[in-house]
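*Asks:* Each chain, letter by letter, is given below.
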Amino acid sequence: MDTFLQVALSGVTMGCIYAFVALGFTLTIAAAGVVNFAYSEWVTYGGFIGVTLVSVFGLPLWLALLLTVLICTAMGYLFQWIVFTPLEGKHFLTTVTATIGIAVTMQALATLIWGPYALTLPTFFGTGVIDIGGISVFPHNMLIIAAAVILIGGLQIWLTGTDMGLRLQATAQDPTAARLMGIRIRHMRTFAYCLSAALAGLAGFLVAPLFVVTTTMGFGLMLKGLAATIVGGWGSLKGAVFGGLIIGIVEALGASYVSSEYKDGISFVIIIAVLLWRPRGLFPERIAEKL
Amino acid sequence: MLTIDNLHAGYNEIAVLHGMSLKVEPGQIVAVLGANGAGKTTLMNTLSGLLRAMSGEVLFEGQPIQNMLAESIVARGISHVPQGRRVFPGLTVQENLMVARTAATRKAPGGWDAALAQVHELFPRLKERKDQLGWSLSGGEQQMLAVSRALVARPKLILLDEPSLGLAPLIFEALFSAILEIRRREGTTFLVVEQNAEQALRVADYVYVMELGRIVAQGTPTEISRDPAIEKAYLGA
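Each protein sequence line maps, in turn, to chains A and B. Using our numbering, the letters of the first sequence correspond one by one to residues 1 to 291. Using our numbering, the letters of the second sequence correspond one by one to residues 292 to 528.
The set of hints was computed from the structure by calculation and includes no laboratory data. Glycine is no exception: its CB is placed at the ideal position from the N, C-alpha and C atoms. Honestly, I wouldn't trust all of these hints.
[As the list claims (entries may be wrong)] Far from chain B, by Cβ distances over 12 angstroms, these chain A residues were calculated:
1. 180
2. 183
3. 242
[Claimed, not checked] A short, non-exhaustive set of chain A residues, derived as facing chain B with CB atoms under 10 angstroms:
4. 182
5. 184
6. 285
Please take these sequences and the hints and turn them into a complete structure.
*Replies:* Here you go:
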């Protein structure tokens, strides 16, 4: 039982990270119809910017986290302006090709700036573990879970309980109708891009102490994030969160009880199973229009 | 109130409207009749700013609006109820109404509460269904919601694009009596494009007939319904 809880805890931690990645990736799909395959690099840059702020500029971790999220938000703003606005309304494949191109460029640029070697980021609470009822808990995991609960809960309350949140949902569901309601969809989309980038920065920073920061860090997370969006339901924010958690937990259990060799394969088995059983994911978006 | 003069508009440089001209006086219900492909929806989309006019002029209360964004046109007091309703499928009835709020909603006497009360009084159905999601409504309920969404913005002019589409005749009649009621109470002006000539002729004060992007006939409903050519084309006699 203890092993199970131990494994489940680390699964939930990774699940939260996957949920962040999937959520950020899904946000731009939902709000602007743009599939951003450069999202993996946004996450990587989150990690690298964090490391730079801490080890080069010697900033305290909390400040570095805040600045990383801000810098990534600014990056999202810049990207929407230069890259995504021109891509809106274009064919799906155009967007995919363009963003993969950006991902490759950004990855190469990361190698140029930060070099090919893995860097590390310290955690907020040192490397010690606390013992809670026989389970050893790494405090950083608790921080990730707490951040996920607060942010995802906050996002949910914001989306359903505020004027701006409802307008973002309206923009996602029918941009033309949203314009007829006087909603400035350009502002809504800009906001979605910035929020998406902020989540990437946060995910990159928070995951860094668990592993090491490399130029391919984001890519690995993105594969799982993508799996999460497919399992959860393409374009569904709720699906992204639950998909992320499911992938994280099943992957951890599989690694522990089956074999850690098959860790990555397990996420893809889940995708295949979900696609066979519910082709539109667990939380399919309502896109059907009634006449 | 609304004057359209020699309007040309269309999609990707292919003109659909070839010099449309028409006039809507305050408080009127004006109907534009036309078959499929006549350019009715193009006209509506150009008026509400979803499409850019290629040339010509659209004056609303004396001000040219043909180059304004849809968002600014709503703020000026024109609400467009689009074809196919376009209710937000994943928002509840209440939320659909909430996202339609504008500065004019707040400024009107009683603000949002008054707007909501008015909508609920006109369409008690929407009050019963207020927590239901948009996609789960029937066609008639969706049309009620779409009209209500327009009302929430406290418009001076409402553009209705084929409100009868896909509705049972009884529901459509109820909708039109609601429109007459709105005009009686608020003095709202309506521009309605329709294929269903019979219904439109019954409520309109003035009627235009459109063919291939041009106005080919106009007159009062009585005049129009007496015109043998129109009777043949639109009333199926």
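*Asks:* Each hint: holds or not?
*Replies:* Status of the hints after comparison with the structure:
1. Its beta-carbon lying about 5 angstroms from the closest one in chain B, residue 180 of chain A breaks the requirement of being farther than 12 angstroms from that chain.
2. Distance check on residue 183 of chain A: its Cβ comes as close as 7 angstroms (rounded) to a Cβ of chain B, failing to clear the 12 angstroms threshold; non-interface status is violated.
3. At roughly 16 angstroms, the least C-beta separation between residue 242 of chain A and chain B is larger than 12 angstroms, which holds for a residue marked as non-interface.
4. Given the 10 angstroms rule on beta carbons, the hint for residue 182 of chain A holds: about 4 angstroms separates it from the nearest Cβ of chain B.
5. Because the beta carbon of residue 184 of chain A sits about 5 angstroms from the nearest beta carbon in chain B, less than 10 angstroms, this interface hint is met.
6. Annotation: residue 285 of chain A was flagged as interfacial toward chain B, and the flag holds, the nearest CB pair being 7 angstroms apart, inside 10 angstroms.
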